[in-house]
Amino acid sequence: MESLTHPPGSTAPWQLLAGYQPRGHVHDELVAPGGELRPHYDTFVRSLEALGRHELASRWENAKRTIRDNGVTYNVYGDPEGVDRPWTLDMIPLVVPSSEWSRLEAALVQRARLLNSILADLYGPQRLLHERHMPAPLVFGNPGFLRSCHGIAVPRGIHLHLHAVDLARSPDGQWWVLADRTQAPSGAGYTLENRIVLSRSLPEAFRDCQVQRLASFFWAQRDTLTALAPSPRDTPRVVLLTPGPLNETYFEHAYLARYLGFTLVEGGDLTVRDRRVFIKTLDGLQPVDVIVRRLDDSYCDPLELRADSTLGIAGLVDAARAGNVTMANALGSGAIETAAISRFLPGLCRTLLGEELRLPSVPTRWCGEPGDLQIVLEHLDQMVIKRTFPPVSGQPIFGRTLTPLQRAALVSEIRAHPGEFVGQDEVPLSTAPVWNGQKLESRSLVLRMYVAAAGDSYAVMPGGLTRIAVSGEVPIVSMQRGGGSKDTWVLTDGPVSPMSLLAPPTIRIHRERRSGDLPSRVADNLFWLGRYAERVEHSVRLLRSVVARLADEDASDVTPERTALVRVLVALELLPAGLRDPLSARDVEQELLASLFRPGPGSRMRETLEDLRRIASTVRDRLSIDTWRILNQLRQDFLLRRGRIQVDDALLHLDRMITDLAAFSGMEMENMTRGHGWRFLDIGRRLERAANMSTLLTQSLSTGTAHHAMLGPLLEIADSTMTYRRRYFAQPQLPLVLDLLVADATNARSMAFQVAQLADHVDHLPRDQRAPSPAQEQQIVTHMAEAIASADLDAQGQPDEHGSFAELHGLLLTISDDLRRLSDVVTYYYFSHAEVRVS
Amino acid sequence: MSADVSPVTYDIVHATRYSYSESVSVSHHLARLSPRSLPHQSCLQHTLDVEPAAAVLSTHADYFGNDATFFAMQGAHRGLTVTSRSCVSVRPRVPPQASATLPWEQAGDHGSLPLDAIEALFDSASLRAAPEFVAYARPSFPAGRPLLEAVADLTARIFEDFTFDPDATTVATSLTDVFRLRRGVCQDFTRFEIACLRELGIPALYVSGYLETAPPPGMPRRVGADASHAWLSFHCPSVGWIDVDPTNNLFPSTGHVTLARGLDYSDVSPIRGVILGGGQHTLQVSVDVVRASA
Chain A
1 MESLTHPPGS TAPWQLLAGY QPRGHVHDEL VAPGGELRPH YDTFVRSLEA LGRHELASRW
61 ENAKRTIRDN GVTYNVYGDP EGVDRPWTLD MIPLVVPSSE WSRLEAALVQ RARLLNSILA
121 DLYGPQRLLH ERHMPAPLVF GNPGFLRSCH GIAVPRGIHL HLHAVDLARS PDGQWWVLAD
181 RTQAPSGAGY TLENRIVLSR SLPEAFRDCQ VQRLASFFWA QRDTLTALAP SPRDTPRVVL
241 LTPGPLNETY FEHAYLARYL GFTLVEGGDL TVRDRRVFIK TLDGLQPVDV IVRRLDDSYC
301 DPLELRADST LGIAGLVDAA RAGNVTMANA LGSGAIETAA ISRFLPGLCR TLLGEELRLP
361 SVPTRWCGEP GDLQIVLEHL DQMVIKRTFP PVSGQPIFGR TLTPLQRAAL VSEIRAHPGE
421 FVGQDEVPLS TAPVWNGQKL ESRSLVLRMY VAAAGDSYAV MPGGLTRIAV SGEVPIVSMQ
481 RGGGSKDTWV LTDGPVSPMS LLAPPTIRIH RERRSGDLPS RVADNLFWLG RYAERVEHSV
541 RLLRSVVARL ADEDASDVTP ERTALVRVLV ALELLPAGLR DPLSARDVEQ ELLASLFRPG
601 PGSRMRETLE DLRRIASTVR DRLSIDTWRI LNQLRQDFLL RRGRIQVDDA LLHLDRMITD
661 LAAFSGMEME NMTRGHGWRF LDIGRRLERA ANMSTLLTQS LSTGTAHHAM LGPLLEIADS
721 TMTYRRRYFA QPQLPLVLDL LVADATNARS MAFQVAQLAD HVDHLPRDQR APSPAQEQQI
781 VTHMAEAIAS ADLDAQGQPD EHGSFAELHG LLLTISDDLR RLSDVVTYYY FSHAEVRVS
Chain B
840 MSADVSPVTY DIVHATRYSY SESVSVSHHL ARLSPRSLPH QSCLQHTLDV EPAAAVLSTH
900 ADYFGNDATF FAMQGAHRGL TVTSRSCVSV RPRVPPQASA TLPWEQAGDH GSLPLDAIEA
960 LFDSASLRAA PEFVAYARPS FPAGRPLLEA VADLTARIFE DFTFDPDATT VATSLTDVFR
1020 LRRGVCQDFT RFEIACLREL GIPALYVSGY LETAPPPGMP RRVGADASHA WLSFHCPSVG
1080 WIDVDPTNNL FPSTGHVTLA RGLDYSDVSP IRGVILGGGQ HTLQVSVDVV RASA
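Which chain is which? The protein sequence lines are A and B, in order.
For what it's worth, our numbering labels the leading residue of the first sequence as 1, then goes sequentially.
For what it's worth, our numbering labels the leading residue of the second sequence as 840, then goes sequentially.
Read the hints as simulated data drawn from the structure, not as lab findings.
As the structure is a computational prediction, the values presented were derived from the model and not from experiment.
Here's a subset of chain B near chain A, in silico, CB distances under 7 Å, partners left out: (1) 867; (2) 895; (3) 902; (4) 958; (5) 961; (6) 1113.
Glycine residues also receive a C-beta, built at the ideal position from the N, C-alpha and C atoms.
Using the sequences and the hints, build the whole thing.
Here is the structure:
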């Protein structure tokens, strides 16, 4: 970083715009062609200059950290490294003056009304086709036109609940529509997160600029959706249907569900009974009134739509046909998500609304029209070629970038199937400044705006997702290609509505949390989250016990404790199989530390951490931001390993991981509502802890291990050293250690303690009245408790004539088996066969 | 070609039995087992029995005008029997004079076609023509040949060139494979001919239905008579829809009973279902189509 010309506190003026060079031939959002600042940026620029460059740089770093810590991510398909890629937000918002926004607002409301009318016609009388206002092939050739959804009446005639429009500004300052999204538009959640981060990062500028708030848009959307419940009930249940954690925008599905108070569900969480949709919860089936879908409609029902869909809900189309569920957007809304529609909108607007279209689309030709085909082929160099129908494979093709060979191939493909291609004039995109940490650079942008059904009309989000090109040279804007984003600030003339993002106003619907809204799948995932968290903690504690001994002493100074520990850890597959003490210094670094921390296969620790992360991401909407931040920190503390790995450094990181894990279980104990979700998380944790203790004791007492040498480490791993010392003031002895780790119900790490906790949990699980009592899971837990209580640990702690502990092994084996059965029974009754339990 | 002259009334029993190796708790089904009423066909009576009793049963007219019945099973069951009983009267159909039909090139003129015929020009996801299909079909379509004559010729060639073989294909077999094997069943031949016609610009629909199980003495027993059958319908300008059966190389008349019409098999499949659990399942289908005693 170059040195700062003006250190903090200096009064010398800093020119934010100094050195900013727009490209000249396109519209720049910040500066006019004469080089002067556009007036609507004036307040913002002055506010930033008052902050100073040093402060801006520091806030930029903070903003980036917030995004990373909050786990704002965007998954990139087909890129293993791209899963959970951090979202990128620029510090300079796109500023839109209120007069300009008002014009856009009116135009976008008209556009949403128009598209909704088109959908109503296509899925109804099809007058537009009979009277040839719209070419039939555009509909009939479109796989997005879902014939089984034809004739389904939608509440209040709303097919289109959320509509997104991508806008570009041409050199003359005119906005053009590049594309309409009518299927399941994404990005509104990222827009919200952008706003929260940026308004916190630049509170002075945000206040000075009088920026319109976004919250009212979301509340209006939520109220409208809630009001569309087919049958009037006190508290209609609205769910957000996601394809799952692998979807590119899963982050915002979880984020929006949490923000709007909707339950996040996958297809498998829902079921249709009596032509109604229900959510499968631990408390039985609960009716669902409205489904906000982020799943493409053709995947929504394997019975009537794509038969190969495993993401959908059998019978959903029929439930909609019966009028028992409201889909948002309506099933079939993807039929008009085609670039070709733009070509016909001006005429359709006159026909359907009797109005002139207020906002033009980029000049669009559909090659299915012979005249259009001719124009596209003749002007290929000035065109962007897109596929007409979904699935839209690949990116748009820029005619001017083609080699003669590619061009010829494209032309022959277009000629063979003209109806499948659309040509749009290439708009030289406008540019906006992007803060690169030191100065402003100019980048191309596309603005995505959102329109939502609100009451009897539509409301436009006063803001939007501004997406910017990945580099200054390439004017292609694509999140999949790694472009960034900006917040969009719409200015007001009058005072800003005080509605805040963080303190929602009192609203009509009840916001009380139904404990019953825990989908069985989520309970399953929480159970495994508990298990994996405990498994990670156990592994870290074991590894730390070895690494601590390497740090304490000279590596060549072999102790029986260390030898025994290495042997046990190898048996537990936490250390490489070939490892044997005594370890050479080279072994320590190459084998032990490297296998722990370096990327690559074979690290059990790394695999368990990945499992933990994966399972946590599936229940993201159930975890607080703080919890998520702790999990991110845990990952950082494990991954931050570069260059040579030193023993003391490794120890430091393992210590930090222990602290992170303690923070995680602290959040769980102190901050989670004591509902079924918490219970399953804790069942997972207790079950895993007891199982780990059983396995560790078994390994420590197996023949070939000097069991005396393991007693100290056992107490240490079980965090019970202090208790032991306080009680006995003596060297560890096996019977006393066993009492503390197995039978002492006051020791939070003992097996008896875990079993007691499990007993309490299983007594509180929801249970079918008709099920036999006590339930199987209660019987298993009782069996374990009795086995532990009746064991004579004094006797079992003495080796028999063969020098082994056969009886003790028998006890540990019994408990391990019981724990495994408990896990199976819980899985069987509560997770996989949830519907068996409900009537 | 058919020599029928007077209407024929059939009693039809179509039974579908699923047996599951494990209990099924919930299943959803969609049946198109109600014979359509058409200009040449009247459905006099129709009942659909589901055993054990369905928790939900509801019928609606689908996009193509077929009756579609949605039903759901909500209690644990190990088997399911769906029995459709219908009484249908079929009047004779005589195709127009082949030489009097318009040249085939005019069949796909969007400007003059009704909307349902335009729609029948479009492929579905699984019914897509490959270039070699058109190369195969071309010889039947020399320039200016009357449409009906050309289609009859293509139908006859498919009948000659393709071998009826129930073991060669499944519902999942692609048309390209059917063409390569030159083998299959009525569904395969029907879809292949539809793909050829659409690629040549001739609107064509998929038709599901039945053949008479045991024809009167002296009449040949048709192929595919002991199960549900499939054939196609193509649109002929100024005439309308004309059915043709490539499996038996004929223009259907009173020997064919129409169940449903659609763009592809998936639009008309007599019964489909999504089942939760059930392990292995076996399926038995029986179809009886007999002349009603006068």
